[in-house]
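Novice: Chain by chain, the residues run as shown.
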Amino acid sequence: MKTHYGTYGGQYVAETLMKPLADMAVAYDEAKADPAFKREFDEILRDYVGRESPLTVCRRLSAHLGGAQIVLKREDLNHTGAHKVNNTIGQALLARRMGKKRLIAETGAGMHGVATATVAALFGMPCEVYMGAIDVKRQAPNVARMEMLGAKVHAVEEGSATLKDAMNEAIRDWVTNCDDTFYVIGTVAGPAPYPEMVRDFQSVIGVEARRQCLEKFGRLPDQAIACVGGGSNAMGLFAGFIDDADVRLVGVEAGGKGLATGEHAASINGGRLGVLHGAKTMLLQTDDGNILDTYSVSAGLDYPGVGPEHCHLHDTGRAEYSVINDDEAVAAFDALCRFEGIIPALESSHALAEAIKRAPSLPKDTILLVNLSGRGDKDMENIMKWKESRRSASGSSAKSEG
Amino acid sequence: MKANRIANAFARAKAEGRPAFVAYLTIGYPTLAKSEAAIDQLIAGGADIIEFGVPFSDPFADGAVIRAAAYEALRQGVTLDNALALAARVRAKHPDTPIVVFSYYNLILSKGPEAFAAAAEAAGADAVLAVDLPLEERDELLSVLKPHGLTMVPLIAPNTPIERVVESAKGVEDSFLYVITVKGITGARAELPPELTDRLDAIRAAVSMPIAAGFGVSTKAQAAEIGRHADGFIVGSALVKRLGETGSLEGDLLA
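Line by line, the protein sequences give chains S and F.
In terms of the working numbering, the first sequence has 162 at position 162, counting the first letter as 1, and numbering is strictly consecutive.
In terms of the working numbering, the second sequence has 29 at position 29, counting the first letter as 1, and numbering is strictly consecutive.
So here's chain F without its partners, still in its complex pose (with noise of 0.2 angstroms):
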């Protein structure tokens, strides 16, 4: 029986008595190479699970640093290939930390769906989060992807209703609900929605699976505030543009 990484990084995290850490990374920004060594810089410093972004053409999500990023990876050329060579790489260093594939739809169904289950397994992939698959389109990616042990993560956003995400939540219990702290694209903000905490509350009683927030997360202060009422936290754009602007992120991750 394949280990569920997914549950097990959550379970670690619970244990230590902390929320467990997703990271995004936009990969081919600034370059391939060092997506990799970001992602080395990541685990080490603390992220439990990294979800790896593939760059495509028409993000619309997205907010202006993750956009950015992703024009320049395509720039030079990076591919969803490229991503799930780069996966493979990754998992022979770091065989416990669970892989996230993070784009749009239209790269895998360019790919086809068995195709891309069969290439995303063998490179020891975890999940897929494709942002624009919402609960009534998914089942065509994730009846091919379950039979190759792999799972989908669901979005959840600030007006989608609780039966809904009860709902969102059924046939992958194996993986963690990402849900969306603001009405809009991705991007860091100085302040979370004062009405994020009961929102977070009122979701995790709905279901048994982790859940983690994300959408504007950067400091230390908004994770630990929103580990109190999430499994996880997920920072993405201030990860990114730290990497663009310095090449590296080694050392504190959060501001």
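Only chain S is shown next, with the shape it has when bound in the complex (with noise of 0.2 angstroms):
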């Protein structure tokens, strides 16, 4: 099992979870070597998930912005809209095989609660979600699905009432009930061996995409740009091209309202060396050690703190992680939605800003590979609340200019 990232990572648990922990550590590592557990996951991953996901060039964008061709991964095609059910399948099939029966989960924006609720149903085993109760009122419509779907879910009240306190939560069961309980975590964030075991799922996101760049293109890509929350989505896209060394990697970190105004959920440009949820990390803290609130208009950024991978390939220089502020990633998904066709989650617009902002300035040769994690379909009355308080905004700042 791989423990540490550099200086990051560990296993930073209550002691009651060392046991599940080792345990889960065992049965991952005999999975990955059992031919029929790969076999399974592809199988699922093809008949169910709809993969591979194909790759979209932006002909319209990438011409209006005249300088590099944008190229985007579509995740978000997959059935339930985002990368993150190749992950709860990944772990899922984890928890069949080690005889779990229940599975637990944490959700921010509520993707990978709908993410796990789906294999929950397919797998036939029951589920519980945690979820932020602020985020549970801004995203209503995922609830529902996941309630559709015969997950519990549970609104977390206490603390920010957000994503890192549905996370307390569901430790807490965890901690509980460990015995017959699998914590499906949705990112590669938490204790080892969860960040190299939803890498590896997700990796299927960068296989895929070399592949097919090389098919339709007969080159790589020159950049490889993703969104980072927690990061899973990220490291998927990278873990494909981690040893080209030519293409580069771009993580796109929230800015929210802009670094400067301390409202973001920038952990790698905004934050020092902590230690939450059973990693340490780069985290959004106070002087004295406690967790900041975060913000960013996209609930799946909205996290204090990032894997411990990420961190490592940053202090290394293999990726860089630059900040997309929410004006910047709304203009891009409105940029999608109209030279495209394509509706794009708030999340991954902010790599799709990155790429927008880097296009224009590139050669026509260049491709810029965006992950487009998930369909917007989730976000549409946020943005159209976004846009009429920006738009009050402006109007009461013109009224008092005049």
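Derived by calculation from the structure, the hints in this document are not laboratory data.
In this text, all values refer to a predicted model and were calculated from it rather than measured experimentally.
Be careful, since some hints might not be right.
Unchecked claim - Keeping only pairs whose Cα atoms sit at most 25 angstroms apart, straight-line, the calculated PhoX-like set for lysine-lysine is: (1) F:Lys-183 - S:Lys-19; (2) F:Lys-241 - F:Lys-220; (3) S:Lys-101 - F:Lys-183; (4) S:Lys-387 - S:Lys-137; (5) S:Lys-152 - F:Lys-183; (6) F:Lys-170 - S:Lys-19.
Unchecked claim - Simulated DEER-style distance windows between Cβ atoms: (7) S:Lys-32 - F:Asp-201: 36 to 44 angstroms; (8) S:Pro-126 - F:Glu-36: 42 to 50 angstroms; (9) S:Gly-258 - F:Ser-208: 56 to 64 angstroms; (10) F:Ser-248 - S:Glu-157: 23 to 31 angstroms; (11) F:Ser-143 - S:Ala-155: 37 to 45 angstroms; (12) S:Asp-180 - F:Glu-167: 23 to 31 angstroms.
As the list claims (entries may be wrong) - Residues from chain S that keep clear of chain F, each with C-beta distances beyond 10 angstroms, as calculated: (13) Gly-99; (14) Gly-270; (15) His-277; (16) Asp-288; (17) Lys-364.
In this text, a Cβ means the ideal position worked out from N, Cα and C, and glycines have one as well.
Join these two chains into a complex; the hints should help.
Specialist: Okay, structure coming up:
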């Protein structure tokens, strides 16, 4: 088992969880070595998720920008509408293999909760999902989807009532029920072996994309760009290109209202070293070491930590991490809708915004591969509200200027 | 040579034919001043060792009572430095009572392990219990604590194999083992698990240092039962709850 990534990672958990983690690591190593496990995983990804997901060249958007070619890896076309399901299938298969009877999960935007509820239904396992009470309100359609799929959703009222508090509550459930319960973590964070396991399950994104690029363009992309909250879609994309030194790996953090405002979720760019939820990683925290509330227009990036391997890739320079603010992400969202007829998730819009920023100054034969990690159906209400608030804000400032 | 207050506290209790009473409070709940008064009351009421629970924003190992106390203390702005300052005042009044700084590792990492160890030593603390610093990760802190004369309190869970209990004891023989009675989070429970006494016997046979059992302990009967199989018992949530409700821990500490 890989436990540390440079100085990051590890197993910073209460003693009661050390045995379940050790059991999980052994079971995962055995599963990895078992061709039948891989076969079943691949089969479900093909027949149920609908993989492989296509590559789409953004012809009109690229022409409009007048520079590099933007190419999308279409994880939004997966069953359930995002990359999250790749991982939940893998973990549910492992849970079943370990004889666990019950799945629990945390969720922020609700996509991981939906993906866990989905596989729980597929495998006939009971499922409980913890979600911050604020997220329950702002992602109501996903709460309905989870309930429709038979999961029980717990609204977590305490702390900041967002993703980190949902994760705290999921850990409390797990520590109490670890004998029969498997905790399906949704990102490359948490104690070992989760960061490695989730990356492995998500690596299908990068492995497919690499092959598809070679088939379609006869060469690798110049840059592979993905948004980073916890960082599972980015790690999945990067995994395919990590050994290709010429492919620049670009992670994009949520800048919210701007790094300087303190209202953001950019742990690598705006945080410092800490320990939370089982891993040593970069964290948004107070001077005293308490964890800060985060902010982003996209609930799925709204997490104060980040996967430990991303911190390590940042330190070594193998990957670079930039920041995209709310307004840039929303502009990218609009652009993809209007130029390509694709409604992206607000999370993925951050990665797209970075590509849009970079494309104009790059030669036309440059390929920017963007992981379109999810679709934006879930974001309709939020984005309309966000635009409405911007309109009324600019309206009132115009009035005061007048 | 620095006195080993922890070993002495267990030895004193043993000489008196009773288990040592380890008391946990969330520092700053309901207020810092009330914490200080409550610690005096605990010591007057028979507590042998005081655990200073330092409030953390994300108390994922705690039950509802201690979480609520932590959030309230944080709302009042209580920090690790406040807890250490209180420890120094308690040390001045109670020279023999061991003080364990009890929290989550991020608070210590954020301050810097070396700066923390120096401050904890200066405050007269004896040991650290970091809930999320298991055997595999603890050396990064323990190696810094030791030169400052501080030790660590390892947690032993119901599912910790005995070989691991033995490993956990190594290098911290001047401390005690905190044996968690149940799989789960902190909080008073009406019944302790029936297999607990066998488990305590097995742990006590495996190590030569004192062991104390906690999570769910709130009554005299539970404490006495644990006392037959361990060197001490730990009470937390029941004290925190009472202190929150009445503002004081005067009189009998156990129901």
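Novice: Hints first: check each against the structure and report whether it holds.
Specialist: Each hint, compared with the structure:
1. F:Lys-183 - S:Lys-19: holds (11 angstroms)
2. F:Lys-241 - F:Lys-220: Judged against 25 angstroms, a Cα distance of about 17 angstroms means the pair holds.
3. S:Lys-101 - F:Lys-183: holds (18 angstroms)
4. S:Lys-387 - S:Lys-137: holds (18 angstroms)
5. S:Lys-152 - F:Lys-183: holds (23 angstroms)
6. F:Lys-170 - S:Lys-19: holds (19 angstroms)
7. S:Lys-32 - F:Asp-201: 36 to 44 angstroms: holds (40 angstroms)
8. S:Pro-126 - F:Glu-36: 42 to 50 angstroms: holds (47 angstroms)
9. S:Gly-258 - F:Ser-208: 56 to 64 angstroms: holds (58 angstroms)
10. F:Ser-248 - S:Glu-157: 23 to 31 angstroms: holds (29 angstroms)
11. F:Ser-143 - S:Ala-155: 37 to 45 angstroms: holds (43 angstroms)
12. S:Asp-180 - F:Glu-167: 23 to 31 angstroms: holds (27 angstroms)
13. Gly-99: Given a closest Cβ separation of 16 angstroms, the condition holds.
14. Gly-270: Per Cβ check, Gly-270 (chain S) is outside 10 angstroms of chain F; nearest 15 angstroms; holds.
15. His-277: violated (7 angstroms)
16. Asp-288: Since the minimum Cβ distance to chain F is about 4 angstroms, Asp-288 (chain S) lies within 10 angstroms and the statement is violated.
17. Lys-364: Label holds. Min Cβ-Cβ 48 angstroms, cutoff 10 angstroms.
Hints 15 and 16 from the earlier list are contradicted by this structure; the remaining hints agree with it.
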